[in-house]
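**Student:** Chain by chain, the residues run as shown.
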Amino acid sequence: MGNKTALYQAHVDMGAKVVDFGGWDMPLHYGSQMDEHNDVRNDAGMFDVSHMTVVDVTGADAKEFLRHLLANDVAKLQAKGKALYSGMLNVDGGVIDDLIIYLMTEPGVSGEWFRVVVNCATREKDLAWMAEQAAKFDDVALTEQPELALIAVQGPSALARAKVAVTESRATLIDNLSVFQGVESEGWFIARTGYTGEDGLEVMLPEDEAADFWQALADAGVKPTGLGARDTLRLEAGMNLYGSDMDETVSPLAANMGWTISWEPEERNFIGRNALEAQKQAGVEQKLVGLVLEGRGVLRAHQKVIIDGVGEGEITSGSFSPTLGHSVALARVPAATGESAEVEMRGKRVAVKVGRPVFVRNGKKVFS
Amino acid sequence: MSNNPSELKYVASHEWIRVEGDGTVTVGVTDHAQDLLGDVVFVELPEVGAELANGDDAGVVESVKAASDIYAPISGEVIAINEALEDTPENVNSDPYGDGWFFKLKLTDEAELDALLDADGYATHCESEA
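Residue numbers (UniProt numbering), protein chains in the order written: chain A, 1 to 368; chain B, 1 to 130.
Just so you know, the hints here were simulated from the structure itself, not pulled from any lab data. Take these hints with a grain of salt, some might be off.
[Unchecked claim] Calculated lysine-lysine pairs in the DSBU-like style (CA-CA distance at most 35 Å, straight line):
id: 1; chain 1: A; residue 1: Lys365; chain 2: A; residue 2: Lys353
id: 2; chain 1: A; residue 1: Lys136; chain 2: A; residue 2: Lys163
id: 3; chain 1: A; residue 1: Lys353; chain 2: A; residue 2: Lys136
id: 4; chain 1: A; residue 1: Lys364; chain 2: B; residue 2: Lys106
id: 5; chain 1: B; residue 1: Lys104; chain 2: A; residue 2: Lys348
id: 6; chain 1: A; residue 1: Lys280; chain 2: A; residue 2: Lys364
id: 7; chain 1: A; residue 1: Lys125; chain 2: A; residue 2: Lys80
id: 8; chain 1: A; residue 1: Lys280; chain 2: A; residue 2: Lys80
id: 9; chain 1: A; residue 1: Lys17; chain 2: B; residue 2: Lys104
Produce the entire structure from the sequences given, and follow the hints as far as they go.
**Tutor:** Dropping the structure here:
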């Protein structure tokens with residue numbers, strides 16, 4: 001028996017197929033992963049992501065600590081509630097985890113603090129690493145918030161449907177949220193973020209209110225969506241999955257995370273900076289690309305990618321794309337890889353197209 | 001839960017066999033198998049005319065989750081395949097014992113039928129795997 005979120009009984013009642021996920025009993029699907037995927041692309045779906053780890057970072061040195069801890073720069077957060085995606089690197093430039101961080105106060109005020117959401121499977125090493133780094137600062141407190149439930153509502157109709165499921169004052173707050181921004185409301189934190197490539201919300205709320213909100217969302221027409229569809233949705237959107245597309249042995253520069261590294265200002269000494277600068281100097285040997293197989297068959301993680309005259313790579317995530325009707329994958333390949341490659345699938349070599357690692361955004365095909 | 005029609009025969013690798021009574025059988029995968037696979041997106045079937053021995057690779061089912069081999073549950077010559085699965089692979093999920101059938105075999109040796117599991121035997125096998 002694994003850990004259970006506050007919504008476990010709701011999942012069972014809604015017919016979920018429950019599987020172990022990083023020590024948690026989580027819904028894989030509620031009947032059909034494909035239908036749930038399509039619900040999110042066409043209308044709205046909801047995910048229980050309460051297994052993820054929420055850590056509040058407070059204290060007078062909170063900001064300087066985070067500017068050291070993270071490859072992206074929290075100084076870029078210039079409005080209350082704004083969110084930033086970042087890698088947390090080790091000194092060799094490997095990715096310990098990827099995370100979302102929110103500025104919870106006005107920027108620069110006394111008492112300025114931040115909320116970090118990290119992955120579930122990496123919880124213990126993340127907390128240990130953060131504590132180790134925080135010890136170098138005089139005044140940083142790290143407070144995990146295990147009593148918060150986390151519900152993601154995603155899809156083109158997500159905001160409209162979620163507004164029906166909340167109080168009028170919260171509906172007004174949702175109306176005024178810009179993309180990648182969150183707002184606090186009586187113990188809830190409502191953010192316009194997600195992991196699907198669609199518009200939507202991620203709502204943190206007290207565990208004892210989670211089941212009622214989940215049911216209110218269902219009554220508003222939001223479909224329960226399992227981890228299976230969460231994976232195909234994020235893959236189509238070209239969003240990395242920690243442990244598959246990158247880990248501590250992989251540089252963010254070889255994981256399509258270059259855009260998350262803030263090189264300026266030069267004097268900001270974030271962990272991993274020296275290693276990344278050396279890598280840039282020497283030339284990064286690999287890159288993360290998107291693969292498309294328009295014929296039959298499904299690309300899968302760990303299949304070998306062969307690039308004629310260049311070398312070999314490996315698929316890091318692969319699946320069938322319900323939106324596109326064929327298979328797509330993320331793969332790490334030599335930097336010199338062009339627009340075509342072959343994948344070794346079940347003993348046969350199959351030609352694939354190579355492009356940017358993003359396939360679907362806001363319901364539309366974007367691969368080129 | 002999975003339902004296993006009592007008029008069918010089964011093998012441990014999760015194929016079902018319908019004995020047609022004229023020396024031929026129809027083969028598919030069980031409700032339990034399709035439930036484990038999840039949404040099926042491609043089905044690769046053997047060629048008509050192929051001679052399959054019991055246990056031979058007979059095709060591949062690709063679901064969103066994984067690729068799984070299909071095995072010949074009994075020896076015979078492939079006399080028909082369900083071509084409709086090319087366009088509607090989801091029939092394997094929605095109707096595993098009907099429209100989701102895979103192929104028909106002309107039996108090499110009807111005595112092989114005696115080795116197949118009945119519905120109860122198959123249910124016991126599934127429980128032992130759980």
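**Student:** Please go over all the hints and tell whether each is borne out by the structure.
**Tutor:** Status of the hints after comparison with the structure:
1. Lys365/A with Lys353/A: holds, 15 Å
2. Lys136/A with Lys163/A: Answer violated: Lys136/A to Lys163/A is near 43 Å, above 35 Å.
3. Lys353/A with Lys136/A: violated, 48 Å
4. Lys364/A with Lys106/B: Cα-Cα ~47 Å, so violated.
5. Lys104/B with Lys348/A: holds, 26 Å
6. Lys280/A with Lys364/A: At roughly 34 Å apart (the allowed maximum being 35 Å), Lys364/A and Lys280/A satisfy the hint.
7. Lys125/A with Lys80/A: holds, 29 Å
8. Lys280/A with Lys80/A: At roughly 34 Å apart (the allowed maximum being 35 Å), Lys80/A and Lys280/A satisfy the hint.
9. Lys17/A with Lys104/B: holds, 32 Å
Hint compliance for this structure: hints 2, 3 and 4 are not met, and every other hint is.
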